[in-house]
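> Chains as they are written, first to last, in our numbering: chain P, 1 to 507; chain Y, 1 to 86; chain D, 1 to 284.
One should not assume that every hint holds.
As the list claims (entries may be wrong) - One side of the interface only, derived from the structure: several residues of chain Y facing chain D at Cβ under 7 Å:
id, residue
1, Ser11
2, Asn12
3, Tyr68
To be clear, the hints were calculated from the coordinates, so they are not data collected in a lab.
Remember, it's a predicted structure, so these values are computed and weren't measured experimentally.
C-beta atoms are modelled at their ideal positions from N, C-alpha and C, and glycine is treated no differently.
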Amino acid sequence: MKNSLNRTIPNNGFLPYMGAFERIKANQRLCIPEVVSTNVDKLRQSIDVLFDEIPIVNGMTLSFHHHLRNGDYVLNMVTEVIKKRNLKNITIAPSAIFPIHAPLVELIEKENITKIYTNYMNGPVADAVSKGKLKELLVMDSHGGRPRAIESGELSIDVAFIAVPASDAFGNGNGIYGKSACGALGYAIADVKYAKNKIVITDYLVDKLDYIEIDGKYIDYVVKVDTIGDAKGIISGTTKPTKDPVQLKIAKDTAKLIEDLGYIKDGMSFQTGAGGTSLAVAEEMKKRMLNKHIKGSFASGGITSFLVEMQHLGLFERLYDVQCFDLEAVESYKSNPNHIPMNSSKYGNPYEVDPIVNQLDIVILGATEIDTSFNVNVTTDSHGRIIGGSGGHSDTAAGAKLTVITTNLIKSRMPIIKRNVTTITTPGETVDCVVTERGIAINPKRVDLLEKVKNTSLNIVTIDELLEIAHNITGVPNDIKSSDNMIGVIKYRDGSVIDTLYQMKGD
Amino acid sequence: MKIAAAGSLESNDCYITVKESNDLQIEINSIVFDQFGNQIRKVIHDTLEELQITKIYVQCNDKGALDYTIKARLLTAIARMRGIHA
Amino acid sequence: MRRSLLFIPSNSPAMLQNADIFAADAIIFDLEDAVAITEKDAARILLDQYLNKFSLNQTEVIIRINSIDSEFGFDDLNKIVSDQIDTIMLPKASKEDLYILNEYLTKIELNKLLNKKIQVIPIIELASSIINLKEIASAPRVNGLLLGAEDLSTDLEVVRTEQGIEIQYARSVVVMYAKAFKIDAIDTPYINTKDEVGLVKDAQFASSLGMNAKACIHPNQIEVVNTVFSPSLKDVDHAKKVMMAYEQAQKEGKGAFSVDGKMVDKPIIERAKLLIKKAEKWGV
Chain P
1 MKNSLNRTIP NNGFLPYMGA FERIKANQRL CIPEVVSTNV DKLRQSIDVL FDEIPIVNGM
61 TLSFHHHLRN GDYVLNMVTE VIKKRNLKNI TIAPSAIFPI HAPLVELIEK ENITKIYTNY
121 MNGPVADAVS KGKLKELLVM DSHGGRPRAI ESGELSIDVA FIAVPASDAF GNGNGIYGKS
181 ACGALGYAIA DVKYAKNKIV ITDYLVDKLD YIEIDGKYID YVVKVDTIGD AKGIISGTTK
241 PTKDPVQLKI AKDTAKLIED LGYIKDGMSF QTGAGGTSLA VAEEMKKRML NKHIKGSFAS
301 GGITSFLVEM QHLGLFERLY DVQCFDLEAV ESYKSNPNHI PMNSSKYGNP YEVDPIVNQL
361 DIVILGATEI DTSFNVNVTT DSHGRIIGGS GGHSDTAAGA KLTVITTNLI KSRMPIIKRN
421 VTTITTPGET VDCVVTERGI AINPKRVDLL EKVKNTSLNI VTIDELLEIA HNITGVPNDI
481 KSSDNMIGVI KYRDGSVIDT LYQMKGD
Chain Y
1 MKIAAAGSLE SNDCYITVKE SNDLQIEINS IVFDQFGNQI RKVIHDTLEE LQITKIYVQC
61 NDKGALDYTI KARLLTAIAR MRGIHA
Chain D
1 MRRSLLFIPS NSPAMLQNAD IFAADAIIFD LEDAVAITEK DAARILLDQY LNKFSLNQTE
61 VIIRINSIDS EFGFDDLNKI VSDQIDTIML PKASKEDLYI LNEYLTKIEL NKLLNKKIQV
121 IPIIELASSI INLKEIASAP RVNGLLLGAE DLSTDLEVVR TEQGIEIQYA RSVVVMYAKA
181 FKIDAIDTPY INTKDEVGLV KDAQFASSLG MNAKACIHPN QIEVVNTVFS PSLKDVDHAK
241 KVMMAYEQAQ KEGKGAFSVD GKMVDKPIIE RAKLLIKKAE KWGV
């Protein structure tokens, strides 16, 4: 079956993508009832005893959040038990998978785990799946699509394992205290509300909490362990702004473009990532906002120390936070009343009344590949190896008034622009501008933007020209043919399938 | 055995080793082999032809070098092998 | 007419192939200090191949060759001089070197049937160059002087400082001779690439002394240098005013005239013309 972007998708029960907004407009929000716990005595000795008590058996779906990032110990703790008990046909639904989760590979190979549902993955698990080792199809969703799937019952979770840095015996918890403090817990909320069984795993059990982000009424069990994660791995999410002169030029041009397009003004809202180039862009935006004495309304997303600093300088009234990338962000989250939690549904669920992504003016995103229809790939590299996933990419691109992709045009001889991306993560109709070191392309659909840059000193070219510029430098690359073996699907935030993942060739 | 090398393993560069040989042998190891392997081979072949060299062993360890870099490093390696100042 | 000149090491493909994206007025492809002795041959060939493949459009192409006293200088010239390049930058320039260089370039231009006359920028980095500035600045092909303060400080046996008092005289005398012979006075690069505030100060100071350009050793310095050495909008407006008054005076057959209460004579008119030319070139 083909979808509206002419991508083949599997036939078994998947809905084809038919446009970024069509399905959402045509459908109602669907919510199963919230699952509240009736347990009173919730403390348990270990994760293991719960496998007997609940019980956790073959074929079940287990979920996890990724707030502890590459410092997470909890998913591996549960993996250990699954392995010990030799459970089979388990589906795991972690919101993201990192290199630290390598122990999963063995369970995938032995079919203890046969299905995965996630928004982002890289490292050994991603490699194993790319090589076709997962028995069932991988499902990759977005940060906004996952709560939609959970609340509608589409992703039915038997047991949610919720790592919580600080918890009381009732299961009330937050992420701001304890040795594994990670700040906001936005990705856990949908699981907490709708999973059939909820287990809090904490390393800091307290009598009472002054701030509650995980509501104990939903929680069935609380297990205390020694450590839920490695603090260094948790809090290392933010890099430093890039010093690379090419990426700095891209960052400067991006800020200038945004200004020339008239988006730097009072009340503006803005989101960018935590990587080197994103931070450099934030730095340039900050300079321009300070210069023009701009007071923005909010910055959102994963919050970094840079955004915290911008808010302290008065450049934003509020910060909407779905996850904290570093210690400064955690501290600000703790103490600043204008640093506001945002669960993943409120962040990007297309069925929310007014999700934050819809209120966003500007979002700055990356890409591994972009094609001449402005479709963006952030899921695979050009060999089809899974190296990421949408995360909030397709949600913010759909919601923001101005979506800017920043990327080198060429990386080690590889043009980032192609005729057709290997995998479509974010559809071109939601992408407005591409900024590279050799030119800026604007989506021809945005006639309004093209009008505004008529007299700019920036180098505006068409996307086809950018492709030609790249090929003149690198030569025309051979197309890499993927194998025919489907190993997974990329879901768009409305639950439809926007593209298919194929097994990597060779190896 | 006359042998020489030029270039580096830095990003966008390549390290080319050349050795006197009784026949023509070209070995290519590249981070973009699938996309540009044949192109790299062509540049090496064309350069050897320009220099009228029919017997040589060339090993190219490529980190995404563009054509002009591959040609330059090959020319340099050969000049070094011959003991000639470029 | 340059404001910014960016040094790029010639043996680095990554740097070469990105040289053209920065807004420098000129790129100095460096075969000298940026290239290890064991790699001089590799750099020369790589640069040659690069220049054959990539055109730099409006950007001036300058090659800093090795000193012609060294074993590499002439090899550099033999390989690199072509229609692809505009200017040779000569390190440790002496008047004798410039004489030899001029002759050698003439020979190459004839042999290779070049369509242009290669220009020269001597680097003033020795005390002996400073005291011979008259011959150096007036030598054939020379259209600019670059002050090399780091090497000059070594020659003077002084410590190079942020304030720059030790190179104050050198800066001024380079400006003097450059202006006397109507060529570019190019200031020494600012070494601390992480200090943007320091760069602005240094560049502005050089500009106030009469330098009209500055060498850059990092692309991040270009924007500041271009801004400091470009005429300001205010200056451009005034220059246009002067030119309009001049044309008016001509029409009325008046010899002398004034603008904003000040007498305008020939030097001011010439300066205004040049300023407008610069403003047009650099899009002020």
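> Evaluate each hint against the coordinates.
Status of the hints after comparison with the structure:
no.: 1; hint: Ser11; verdict: holds, 6 Å
no.: 2; hint: Asn12; verdict: holds, 4 Å
no.: 3; hint: Tyr68; verdict: holds, 4 Å
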